[in-house]
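2 protein chains.
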Amino acid sequence: MPTLAHSVRLTDDAVVILDRRRFPFERVWVRCTTAEDVAVAIEDMVTQSSGPYFAALFGMVLAAREARHLAPADAREALGRAGERLIASRATNNAIGKAVAVVLAEVDKSPGEDLVDAATRGAWIGDERYRAKSRALGEHTVKLLPDNARVLTHCWADTYLIATVEAAAHLGKRLSFVCTETRPYLQGARLTAETLAEMDVDTTLITDGMGASVLSQGMVDVLLTAADRVTMDGHVVNKVGTLGLAVAAHAFGVPFLAQVQAPDPAARTAAAVPIEHRPGTEVLHTLGVRTASDKVRGHYPAFDITPPRFVTTIVTDRGPFAPDAVADYHAREEP
Amino acid sequence: MPTLAHSVRLTDDAVVILDRRRFPFERVWVRCTTAEDVAVAIEDMVTQSSGPYFAALFGMVLAAREARHLAPADAREALGRAGERLIASRATNNAIGKAVAVVLAEVDKSPGEDLVDAATRGAWIGDERYRAKSRALGEHTVKLLPDNARVLTHCWADTYLIATVEAAAHLGKRLSFVCTETRPYLQGARLTAETLAEMDVDTTLITDGMGASVLSQGMVDVLLTAADRVTMDGHVVNKVGTLGLAVAAHAFGVPFLAQVQAPDPAARTAAAVPIEHRPGTEVLHTLGVRTASDKVRGHYPAFDITPPRFVTTIVTDRGPFAPDAVADYHAREEP
Chain A
2 MPTLAHSVRL TDDAVVILDR RRFPFERVWV RCTTAEDVAV AIEDMVTQSS GPYFAALFGM
62 VLAAREARHL APADAREALG RAGERLIASR ATNNAIGKAV AVVLAEVDKS PGEDLVDAAT
122 RGAWIGDERY RAKSRALGEH TVKLLPDNAR VLTHCWADTY LIATVEAAAH LGKRLSFVCT
182 ETRPYLQGAR LTAETLAEMD VDTTLITDGM GASVLSQGMV DVLLTAADRV TMDGHVVNKV
242 GTLGLAVAAH AFGVPFLAQV QAPDPAARTA AAVPIEHRPG TEVLHTLGVR TASDKVRGHY
302 PAFDITPPRF VTTIVTDRGP FAPDAVADYH AREEP
Chain B
2 MPTLAHSVRL TDDAVVILDR RRFPFERVWV RCTTAEDVAV AIEDMVTQSS GPYFAALFGM
62 VLAAREARHL APADAREALG RAGERLIASR ATNNAIGKAV AVVLAEVDKS PGEDLVDAAT
122 RGAWIGDERY RAKSRALGEH TVKLLPDNAR VLTHCWADTY LIATVEAAAH LGKRLSFVCT
182 ETRPYLQGAR LTAETLAEMD VDTTLITDGM GASVLSQGMV DVLLTAADRV TMDGHVVNKV
242 GTLGLAVAAH AFGVPFLAQV QAPDPAARTA AAVPIEHRPG TEVLHTLGVR TASDKVRGHY
302 PAFDITPPRF VTTIVTDRGP FAPDAVADYH AREEP
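Taken in sequence, the protein lines are chains A and B.
Note that the first sequence covers residues 2 to 336 in the working numbering.
Note that the second sequence covers residues 2 to 336 in the working numbering.
If you're looking for bench data, these hints aren't it; they were derived computationally from the structure.
No experiment lies behind these values; they were computed from the predicted model shown.
Be careful, since some hints might not be right.
[Said to hold, decoys possible] If the Cβ cut is set under 10 angstroms, some of the chain A residues that face chain B in the computed set are:
no., residue
1, T12
2, A15
3, S111
4, G113
5, V117
6, T183
7, L187
8, L192
9, I207
10, M220
11, L246
12, A249
13, A252
14, D305
15, P308
[Said to hold, decoys possible] Listed next, the in silico DSSO-like pairs over lysine-lysine satisfying Cα-Cα at most 27 angstroms (straight line):
no., chain 1, residue 1, chain 2, residue 2
16, A, K174, A, K134
17, B, K134, B, K174
18, B, K144, B, K174
19, A, K144, A, K134
20, B, K296, A, K174
21, A, K296, B, K174
Here a beta-carbon is modelled for each residue, glycine too, at the ideal position from N, C-alpha and C.
Kindly produce the complete structure, drawing on both the sequences and the hints.
Rendered as structure tokens:
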């Protein structure tokens, strides 16, 4: 099991989160004793990708523990506020909203029950639901790949990546990966590369500018990334850099598969998705060391939006969809 | 005048070369007292881009000083050997050959003259010739840009970049730049960003994965890069990363201008251009610090090849050409 498969843990008095900013060079766990601590950890990028989802699940458990002594109505209100605070910690990541919702649903379902018991059960339901969907998504993805597929990926697809590699092993298919380093945070060089290597997958690293070269030279069979969000009309919102790779894949005839559990019914099209801009100074540094002239500013749009014409297939936990048909997801039966 | 405009200097007893591997964090000059020292400095990447051209010009002056006491025939032979040594220091950089040729031509033109005087004159002729071509190229480029043009550039266009900014000032046009950091060597973050800032040009830095985002969002009016080589059928060979930006510029309707003094008559098409692959370990480090998992290998194609369908205009010292007409360069009059 790769280290990052379980990098957010609930303990008796805290949520401990593996610090992905320092992994794999150091294996440091950040201890959060309040829901606010968890929100700050998410804001500070201690964890990202699916990490905030799990952190928010267990952050809600901490909020329930904090609110336990209040009158029921006040406790429920405090829990709602904690959920809003967690959601606000990363505006573009709507998995956090789902984590909060699953915990609140379980709390609201059983009014007389101890708040912490209900919230904890909700958190574990959310945990298992996410992992089951990831497993289904991984299996659907692998069915679309040839044996010995050479896969180009970008950033860090987290549970989707792990599930895809596990599904390939299960189905007897071999995969190899080329991954981009994904500046400025180097999720590809650190998280993806380390995790693939931990899973014994042949892995080659490139810088973010080399994707088009690899695609044009026939070095890969498919571009495969996660999506932070997919709109109902098939736009793929993902880590900045995805768009350039998708456009190059399209130009050189390489299919682009984007993985997402489900398209977002709240986002009819790209205009509905706010793009988070992070501090430009992060572009000017690498692992905390200044790597740019001290006379310039940086620009850091954290995500980009790939229009459906550059997307081949959107793979969900309910199977693959053409981008212009992804809205059918919500009509398709759960597997 | 930006620091890098004159980063190779001839003194009474040496050639001193600004170390571009450490600029702008440290301003260290490497002192070369022999032509062999200059060749080693070029091999060690103390200077790159147009730097080796100037270093070779003045390296030939050092060779002439070393050979001054020899009999004329022996001195000429020693000078020829020094030229071959300099050319061998970077096999793919054919500007070095031109630098050696201009010095030898001046020496051979005046057999009775003091060797050092002739070689020094040759070096300064070569210096001025290169700068004049760059000025012409810069002026032709600026004529193609709107006022207040917002320019996306990649890597480090060296004298072409400086000449373009100077021409814009001369013609009363304002420019602003977005530049990519250009991993793994960070030429964009260090050389381009610092130089533009030194020239009071508004400059924003992005990582190599953000170009398509900037292009798709209407943040720039033009993509402008140098080209290490342009083939006679309009392929642009330049620092890896150029291809992805060119494909994205094409997809989002932004023109791509590539600057080169002249297309290479020895390269009819892309197949004639060998692509240098550098050690993959360079992708795994940033400024000498490990930035990737220690379990993976790196892949480092130093250049990529942009097909003519993704290039709008090739700008030369003799003016602009459509990529499919760039072979006409050699028929066009010098300005």
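Here is how each hint holds up against the structure:
{"no.": "1", "hint": "T12", "verdict": "violated, 28 angstroms"}
{"no.": "2", "hint": "A15", "verdict": "violated, 28 angstroms"}
{"no.": "3", "hint": "S111", "verdict": "violated, 45 angstroms"}
{"no.": "4", "hint": "G113", "verdict": "violated, 50 angstroms"}
{"no.": "5", "hint": "V117", "verdict": "violated, 39 angstroms"}
{"no.": "6", "hint": "T183", "verdict": "holds, 7 angstroms"}
{"no.": "7", "hint": "L187", "verdict": "holds, 6 angstroms"}
{"no.": "8", "hint": "L192", "verdict": "holds, 8 angstroms"}
{"no.": "9", "hint": "I207", "verdict": "holds, 5 angstroms"}
{"no.": "10", "hint": "M220", "verdict": "holds, 8 angstroms"}
{"no.": "11", "hint": "L246", "verdict": "holds, 8 angstroms"}
{"no.": "12", "hint": "A249", "verdict": "holds, 5 angstroms"}
{"no.": "13", "hint": "A252", "verdict": "holds, 5 angstroms"}
{"no.": "14", "hint": "D305", "verdict": "holds, 4 angstroms"}
{"no.": "15", "hint": "P308", "verdict": "holds, 8 angstroms"}
{"no.": "16", "hint": "A/K174 x A/K134", "verdict": "holds, 21 angstroms"}
{"no.": "17", "hint": "B/K134 x B/K174", "verdict": "holds, 20 angstroms"}
{"no.": "18", "hint": "B/K144 x B/K174", "verdict": "holds, 9 angstroms"}
{"no.": "19", "hint": "A/K144 x A/K134", "verdict": "holds, 16 angstroms"}
{"no.": "20", "hint": "B/K296 x A/K174", "verdict": "holds, 22 angstroms"}
{"no.": "21", "hint": "A/K296 x B/K174", "verdict": "holds, 22 angstroms"}
Comparing the model with each numbered hint stated earlier shows that hints 1, 2, 3, 4, 5 do not hold.
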